[in-house]
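Throughout the sequence shown, residue numbering follows our numbering, covering 1 to 227 in sequence.
FYI, nobody ran anything at the bench for these hints, they're computed from the structure.
Computed from a prediction, not measured in an experiment: that's the story for all the values here.
Keep in mind that a hint or two might mislead.
As the list claims (entries may be wrong) - Label pairs and their computed distance ranges (CB to CB):
| no. | residue 1 | residue 2 | range |
| --- | --- | --- | --- |
| 1 | 93 | 127 | 46 to 56 Å |
| 2 | 43 | 215 | 29 to 39 Å |
| 3 | 63 | 210 | 50 to 60 Å |
| 4 | 198 | 101 | 44 to 54 Å |
| 5 | 116 | 89 | 16 to 26 Å |
| 6 | 137 | 218 | 11 to 21 Å |
| 7 | 59 | 31 | 25 to 35 Å |
| 8 | 148 | 210 | 15 to 25 Å |
Claimed, not checked - Straight-line Cα separation of at most 25 Å, DSS-like style, residue types lysine-lysine; simulated pairs:
| no. | residue 1 | residue 2 |
| --- | --- | --- |
| 9 | 34 | 92 |
| 10 | 90 | 145 |
| 11 | 139 | 217 |
Even glycine gets a Cβ: it sits at the ideal position worked out from N, Cα and C.
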Amino acid sequence: MDIKTTKTKQINGFSHHEIGDDHLYTGLETPIKKDAFILSDIEKKKKISILFEEIMNVMGLDLEDDSLKGTPDRVAKMYIDEIFSGLNPKNKPEIALFDNKYQYNQMLVEKNITFYSNCEHHFVPIIGKAHVAYISSGKVIGLSKLNRIVQYYAKRPQVQERLTNQIGEELKTILGTHDVAVVIDAKHLCVSSRGIKDETSSTVTAFYSGEFTNSAKIAELNNYINS
1 MDIKTTKTKQ INGFSHHEIG DDHLYTGLET PIKKDAFILS DIEKKKKISI LFEEIMNVMG
61 LDLEDDSLKG TPDRVAKMYI DEIFSGLNPK NKPEIALFDN KYQYNQMLVE KNITFYSNCE
121 HHFVPIIGKA HVAYISSGKV IGLSKLNRIV QYYAKRPQVQ ERLTNQIGEE LKTILGTHDV
181 AVVIDAKHLC VSSRGIKDET SSTVTAFYSG EFTNSAKIAE LNNYINS
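Construct the entire structure; sequences and hints are all you get.
Structural data, given as structure tokens:
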């Protein structure tokens, strides 16, 4: 019998097994292959359906059952058109900016943006709320677009730290300002439904840039979020 040697990935000198998989991610960009979009969405759904049917067969499920026989197609459609649609750049929301005619120069906060993402380590849901804020540099964005930016980056396999930073950096680029903050409070089903099975804890991450690195501004933002 051949014995294959598996290389252990090193992060800052530690192995994957020493660190654990809860807080590993490779960087700001979602790790997507260069040829990720050679196949059309239709082709991807057909292939995913075949592969998921095989998974179900391996688990011993009866695909002749009326309740199960359509599941591979449903999962494939859900993956491509819904919960992982943020992987495809063509689904990135189009953003229009408007002049700040009201000369509003204080922070604008959009809080309690509900999102559903999926942990890239176990492909189980991350359910949370995002709070985003910015101070206009002369342009403003439609409020619904803030929600759409959050949803776009959430709809892909994610790590919460990366998700937080991706939203923050995107807002900085779109708005042309460094004065951006993002706070995310989320529950991870990889913690509550498996592993340690802790149903009460949540994870909070934050992105602060520009004026929001000032402790007074952070306190003001937290006051709005918690009020």
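Evaluation of the provided hints:
Separated by about 21 Å at the C-beta atoms, residue 93 and residue 127 break the suggested range of 46 to 56 Å. Between residue 43 and residue 215 the CB atoms are about 52 Å apart, so this pair departs from the stated range of 29 to 39 Å. Taken as a hint, the range 50 to 60 Å holds for the pair residue 63 and residue 210, whose Cβ atoms sit roughly 54 Å apart. For the pair residue 198 and residue 101, the supplied restraint of 44 to 54 Å holds, since their beta-carbon distance comes to about 49 Å.
A C-beta distance of roughly 20 Å is found between residue 116 and residue 89, which places it inside the suggested range of 16 to 26 Å. Distance hint for residue 137 and residue 218: a CB-CB separation of about 19 Å, consistent with the stated range 11 to 21 Å. The hinted window of 25 to 35 Å between residue 59 and residue 31 holds, with their beta carbons roughly 27 Å apart. Evaluation of the 15 to 25 Å hint for residue 148 and residue 210 yields a pass: the beta carbon distance comes to about 22 Å.
Among the hinted pairs, residue 34 with residue 92 is consistent with the structure: their alpha-carbon atoms are about 18 Å apart, no more than 25 Å. Between residue 90 and residue 145 the alpha-carbon distance is near 16 Å, which keeps this suggested pair within the 25 Å criterion. With a C-alpha separation of about 20 Å, the suggested pairing of residue 139 with residue 217 holds against the 25 Å cut-off.
Hints 1, 2 from the list above are not met by this structure, while the remaining hints are.
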